[in-house]
Amino acid sequence: MRKMLAAAVSRVLSGVTQKPASRVLVASCNYSKVATFPIKKCDLYRLEEGPPVTTVLTREDGLKYYRMMQTVRRMELKADQLYKQKFIRGFCHLCDGQEACCVGLEAGINPTDHVITSYRAHGLCYTRGLSVRSILSELTGRRGGCAKGKGGSMHMYVKNFYGGNGIVGAQGPLGAGVALACKYKGNKEVCLTLYGDGAANQGQIAEAHNMAALWKLPCVFICENNLYGMGTSVERAAASTDYYKRGHFLPGLKVDGMDVLGVREATKFAADYCRSGKGPIVMELQTYRYHGHSMSDPGISYRSREEVQNVRRKSDPIMLLKDRMVNSKLATIEELKEIDVEVRKEIEDAAQFATTDTEPPLEELGHHIYCDTPPFEVRGANQWIKFKSLG
Amino acid sequence: QVTVREAINQGMDEELERDEKVFLLGEEVAQYDGAYKVSRGLWKKYGDKRIIDTPISEMGFAGIAVGAAMAGLRPICEFMTFNFSMQAIDQVINSAAKTYYMSGGLQSVPIVFRGPNGASAGVAAQHSQCFAAWYGHCPGLKVVSPWNSEDAKGLIKSAIRDNNPVVVLENELMYGVPFEFSSEAQSKDFLIPIGKAKIERQGTHITLVSHSRPVGHCLEAAMVLSKEGIECEVINMRTIRPMDIETIEASVMKTNHLITVEGGWPQFGVGAEICARIMEGPAFNFLDAPAVRVTGADVPMPYAKILEDNSVPQVKDIIFAIKKTLNI
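Those protein sequences? They're chains D and H, same order as listed. Basically this note's numbering = 1-based index in the first sequence + 45. Basically this note's numbering = 1-based index in the second sequence + 14.
Calculated directly from the structure, the hints in this document are not laboratory data. Since we're looking at a predicted model, the values are computed, not measured. Accuracy of the hints is not assured; some may be wrong.
The list that follows gives simulated cross-link-like pairs (lysine-lysine, PhoX-like), each with its CA atoms no further than 25 Å apart [said to hold, decoys possible]:
#	chain 1	residue 1	chain 2	residue 2
1	H	K35	D	K233
2	D	K261	H	K58
3	D	K313	D	K86
4	H	K63	D	K233
5	D	K431	H	K35
6	D	K323	H	K210
7	D	K313	D	K85
8	H	K35	D	K261
9	H	K210	D	K433
Label-pair restraints from in silico Cβ distances [stated by the list, open to error]:
#	chain 1	residue 1	chain 2	residue 2	range
10	D	V423	H	K202	28 to 38 Å
11	H	G295	D	L435	57 to 67 Å
12	D	S321	H	D33	45 to 55 Å
13	D	G248	H	S201	41 to 51 Å
Covered stretches of chain D (chain H as the covering partner; in silico rule of three or more C-beta atoms under 8 Å from a C-beta of chain H) [said to hold, decoys possible]:
#	region
14	217-223
15	252-265
16	400-414
17	417-428
Note that the Cβ used here is the ideal one computed from N, Cα and C, for glycine as well.
Please model the complete structure; the sequences and the hints are all you need to start from.
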């Protein structure tokens, strides 16, 4: 009897279980509730101290981050598929590979804080609160889309998230403006203003840095450096690729953007810095995108397949978190696989909706030109075609 | 008697007082009292938080203003002249004008962009462009163009209270011109509705449609011709977009003749749009002669006085066009 029990326990402890995947209810004494992890030390610029080099991860948070990153990953891959099937048209910029950035950022701020980013926005749309279903339906241009099909990939909004911006760098000053509103209202909220390594060379980013510094706006400027602005590598675009130093008179830190915990701690640090009234700060997230610039870019004419595969193998953010959690017994492989299955189902359901929901009604083509204005008529392709416009 | 400058100042002052979320930013608006003194006294009264001097960074500060509007404030963004707005035009059009539509009605942008527009005196080509047609082209924007002091006060107040991006095209040469203020206009709640034109002078023989400073020229031309027995109806558009074509149509259906007068260039201008719409509507059948446009000359603004004078519509040019149209 004892021998059988010992064998059963050892079987479970080695991770091999005969039970079906949905019933991993083995004694919870096999899980840790928390674990401590080291974080790569950040390079600092004009800062005496940086974020902590260790962090505590609870099982609950770990599972949450895992689920969120996996959801973003699967959602982006589904978008890839839908684009190739021509359900999604026009521009589609995917962020698979960069999941630790959007999930880590969200983990480092409050829901009442603000975020604005570029056109590579789907991940942040999700972490800021839009459902996968509303994102995919917006991509497929249906009435169930978060912008009612009027915006598409680059123009999705939700409370405290200001898109999704199609013009490279325009979100820099916009984010500084949101931060100005936070300071004006005195609500101790901050604005995370994201831009890419390509956008970092836009003059308006320097203008935003300058005014944010002058007026001590609570703006965290975040350069998401995925090493390529479209097909131009950072060395070919920037005389200085130290993006965390490009705020010149602004303090900065360089963060491993593939480590969700590192991003979380750095974001907390940066947000606290701003909240304390010290003014803006620059954070560079070193990350990588697996897809090309957009769906029309295979992504291998300006970088090698080996480079992409290398990153996948060594630095995949989801893999990194999974290994950490399993090795420290915060979770088992089986339960993470269970999460994978649930995420897959959620994405499938959302895609099903996104490909079958109706397109926005033609009668609404003229809606939402003006806010709070009495209804009027909008001209169509000729003078006899008129659309009613309601705000 | 109140000058246009004082009227705009009053309008902004009243709205700053009424709503804490309203603030003004731009170059020299605070400690300099405004490059053209339009914001005189406001910084002294409201301080650094509400009246903000910016560096010379149009694209940056226009974007900051739009972001602040998205986050719930009500900024007035001044361009020292609208020529400089070209540096920032992406923020005005792509970040402000289009956002309510692109977001399916989720994100509004209650912002005012204001400043002097069009020709001044001797400031040459890069400082004299009229932007009425360019901004008037874009759905999502409202564009107003005040002529006199009442226009200026009523329209700036309506613009500030409007929850949409509004471009207010002022005129530097009008800033110092005084006008009578009705008792209505003296009220703190005096508003002029955006999208409605005003008939400044009733007439029967011909309709003159104009916006901004040229409205005054039209009234002068009307006065001269009245002595010859020709009665001109003068319409002050007040709003470029959404255009009040109905008032123009009703007038043309009465007078059977139409002249548009503007300071901007002729091609693709405000007058061109009016003519196109008249052709498409009921007034076309009432025209006894083709509609005629009086505009700025089709050149970058020259500097020498004789050249500049002949590059903007003068009263004599309007009178000539009227007589040609009426076959006199």
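Status of each hint after checking the structure:
As the CA atoms of K35 of chain H and K233 of chain D are separated by approximately 17 Å, the hinted pair is consistent with the 25 Å bound. Pair hint K261 of chain D plus K58 of chain H holds up; C-alpha atoms about 22 Å apart against a cutoff of 25 Å. A hinted pair counts as satisfied when its Cα atoms are at most 25 Å apart, and K313 of chain D with K86 of chain D qualifies at roughly 15 Å. Proposed proximity of K63 of chain H and K233 of chain D is supported: the alpha carbons are some 16 Å apart, at most 25 Å.
With a C-alpha separation of about 37 Å, the suggested pairing of K431 of chain D with K35 of chain H is violated against the 25 Å cut-off. For the hint linking K323 of chain D to K210 of chain H, the alpha-carbon distance of about 48 Å lies beyond 25 Å, and the restraint is violated. Among the hinted pairs, K313 of chain D with K85 of chain D is consistent with the structure: their alpha-carbon atoms are about 15 Å apart, no more than 25 Å. With a C-alpha separation of about 19 Å, the suggested pair K35 of chain H and K261 of chain D falls inside the 25 Å cut-off, and the hint holds.
For the proposed pair K210 of chain H and K433 of chain D, the alpha carbon gap of about 19 Å is at most 25 Å, so the pair holds. Distance hint check for V423 of chain D and K202 of chain H: the Cβ-Cβ separation is about 34 Å, which falls inside the suggested range of 28 to 38 Å. Against the hinted window of 57 to 67 Å, the Cβ-Cβ separation of G295 of chain H and L435 of chain D comes to about 23 Å, which falls outside the hint. At roughly 30 Å, the beta-carbon separation of S321 of chain D and D33 of chain H lies outside the given 45 to 55 Å, and the hint is violated.
Distance hint check for G248 of chain D and S201 of chain H: the Cβ-Cβ separation is about 44 Å, which falls inside the suggested range of 41 to 51 Å. Coverage of the region 217-223 of chain D by chain H holds in this model, with 7 residues showing a Cβ closer than 8 Å to a Cβ of that chain against a need of three. Counting residues of the region 252-265 of chain D whose beta carbon lies closer than 8 Å to any beta carbon of chain H gives 6, which meets the minimum of three for the stated coverage. Using a Cβ-Cβ cut-off of 8 Å, 3 residues of the region 400-414 of chain D lie near chain H, which meets the minimum of three, so the contact claim holds.
Residues of the region 417-428 of chain D with a Cβ under 8 Å from some Cβ of chain H number 5, which satisfies the need for three, so the listed coverage holds.
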